[in-house]
Amino acid sequence: MNISVKEKAGVGHECKTAPRKLALAGNPNVGKSVVFQALTGMYAEVSNYPGTTVDVTTGSFGPFTLIDTPGVFSLSGFNDEEQVTLSAVTDCDCILNVVDGTHLERDLFLTLQLLALGKPMLVAVNLMDQVEKNRIRLDLSGLSAALGVEMFPVSAKKGTGIKALRSALSAGSLRTPARGRARGEDPGISDDGASAHTRLEADRLAERFVRYSGQKTVFSQKLGRAVLNPVLGIPLMAGLLCLIFLFIGKFLSQTVVDFTEGYLMSECYYNFIFGLISRILDPDSFAGVLLIGEYGVLTMVPIYLLGLLLPLIVGFYLCLALLEDSGLLPRIAVLCDRLFTRFGLNGKAVIPMLLGFGCVTMAIITTRILGTKRERLIATVLLCIAVPCSAQFAIIMAVASILPPFYFFIYGGSILMLFFLLGSLLARFLPGSSSDLFLVLPPLRLPGAKNVLRKTAMKSKHFLRDAGPMFLVGSLLISALTYTGGFAAIHQALIPLTEGFLKLPGETAALFLMSIIKRSGSRLPLLHGGSGSSQLSADDRGADRDHPFRALLRLRCHSVQRTGSSGSRRYLAGQLCRGLPPGRPPGCLARLI
Amino acid sequence: MRLSDAAKGSFLFVVALPPGEIKSQGIRLGLLPGAPIRCLSVLPGGPVVLLLGNQEIAVGRKLARRIQVRRWGGERSNDR
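Those sequence lines, one after another, are chains A and B.
47 is the number that the numbering used here gives to position 47 of the first sequence; each next residue is one higher, with no gaps.
15 is the number that the numbering used here gives to position 15 of the second sequence; each next residue is one higher, with no gaps.
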């Protein structure tokens, strides 16, 4: 590593090129994570919705360790994101401030606060392609001189300007602003007076260096506003959600899964692995049952995770990423706000609710973006009770595919009713206050393909990583029970209930057992009174994962394991339905799962 | 008057923000007494979307009732 020290006239020294910590900081939705990714080549969580990126991500570039922080509007530390960002920028050696070229006056507030820290700093002005499109003129050299730091015009999406940024970083040429320049508030103190002062200064700078040349409303702005008009917005939103349900519920969960699970995994892979292992072990031995039995670790677990859940999960996160990156998600939150206030929540709750369809465990983590404890509790309860996660959804879809669509509507209707009833009751009887919606709306944009795919890939990977171990444990447990005859005993014992009273095949006893375990498991977070999101460590977004109640929540994933391996979610669905007397709606049964 | 009573498309000045977090958040974004804003839309029974500079901000209905504004060039303090 060469150390280059150059004196710049009166403004400061360059930062030595030894492994230094470089923190990226900026407002939400400025493309900070895209810049991070362009520099590190590593995937970083990129969200178009404030509060989604709560963890920090680290990567390396040249002589630097890069730390990506959550998007914040200021460093005053009054919420978790700001605290995390504040600690990251205080601990780091240098700062890369990413700003949105189309909202420079807004972003300069944070820039001034960062300058006040007196650390070597660079500013990357992102979204320059939009700046051109909107005919905004930025005098970056003037602004750079006024602030005392170098500014780099960049379009992370298109890839322009990144090279210059990289070489500047590699050369280690970060100027340290003269301390007295920014008369901003001391970070960590939420002082309205100081804030107003900083705000005024930011506005003055913007006045000098930013020109909106007679810009008329751009199409995307018009569209964005049209979407918020409930006459257009609500049908649009309903249409979008229907599209997503059709995509995941019909196309993926039937057509694609038929191939991946029905053929690829249940036949090709199963035959392969069974053939392989049965040559070494006796399939009826204990080890054999554990590995390649009906609920075997090498049979059921991969077939289910990869054949059944993976396509659904990928599809789900893909849709979510598209909604986030396009700017539609916050607008959906605005449209839903009125509805959610009935349940003591606000529009922001749409995020955990949507995420719940993927994985309720992860959705509960996201409830941290809600303002008060009361809201977090309400959202958590609703998620545990009334939102079907992907695992449950897969089963429901299997049952629904066999029965006339009428039954699915009954199921859907009863879920909605449950949601409404529960939400209204909680809102009425739970003490405390809920926060109001206050949402900065990002502009509508065409999502960048690379970003969307990367986000989807990462979230899917995390899901498998989190759900995988529980599936493994469950599979071992169930296989052991099967081998020792435990399940058969349970079936027998409960026959009076299942076959006698409910008139269902005996196997459903085990289903009920699993769902009882699941439900008691998912009740536990309520004892904690909310999501209780833990402190975040700088290097591990997985730090959250160890929170105790989450392990118990994952028991709900066990529900999917009862269906066995031989392409049998359909089989089970068929069994369930055959056992029913004609005319009896199975929706209630599916709900129990 | 209250922000929740503003007409769609009207040009307004912020008069007062309710004390607390919202006030602090607002100041950072430039939502200060005297700041010019435009009411972009008012969802029936729902949030008010305003334009501050070139930034769109959605404000929940309850909160909008607590924000005082004044019409541009219009009425003085007729706070109803």
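Rather than coming from a laboratory, the hints here were simulated on the basis of the structure.
Accuracy of the hints is not assured; some may be wrong.
The calculated EDC-like cross-link candidates involving lysine to aspartate or glutamate, where the alpha carbons are at most 20 Å apart (straight line), are [said to hold, decoys possible]:
no.	chain 1	residue 1	chain 2	residue 2
1	B	K23	A	E105
2	B	K23	A	D93
3	B	K23	A	E132
4	B	K23	A	D191
5	B	K23	A	E82
6	A	K373	B	E21
7	A	K21	A	E82
8	B	K23	A	E201
9	B	K23	A	D203
Evaluated hints:
1. B:K23 <-> A:E105: 19 Å, holds
2. B:K23 <-> A:D93: Violated, at about 32 Å.
3. B:K23 <-> A:E132: Status violated; Cα separation ~33 Å.
4. B:K23 <-> A:D191: With Cα atoms ~11 Å apart, K23 (chain B) and D191 (chain A) stay inside 20 Å; holds.
5. B:K23 <-> A:E82: 17 Å, holds
6. A:K373 <-> B:E21: Distance of about 16 Å is within 20 Å: holds.
7. A:K21 <-> A:E82: Between K21 (chain A) and E82 (chain A) the Cα gap is close to 19 Å, so the pair holds against 20 Å.
8. B:K23 <-> A:E201: Holds, at about 18 Å.
9. B:K23 <-> A:D203: 18 Å, holds
Hints 2, 3, counting from the list given before, are not met by this structure.
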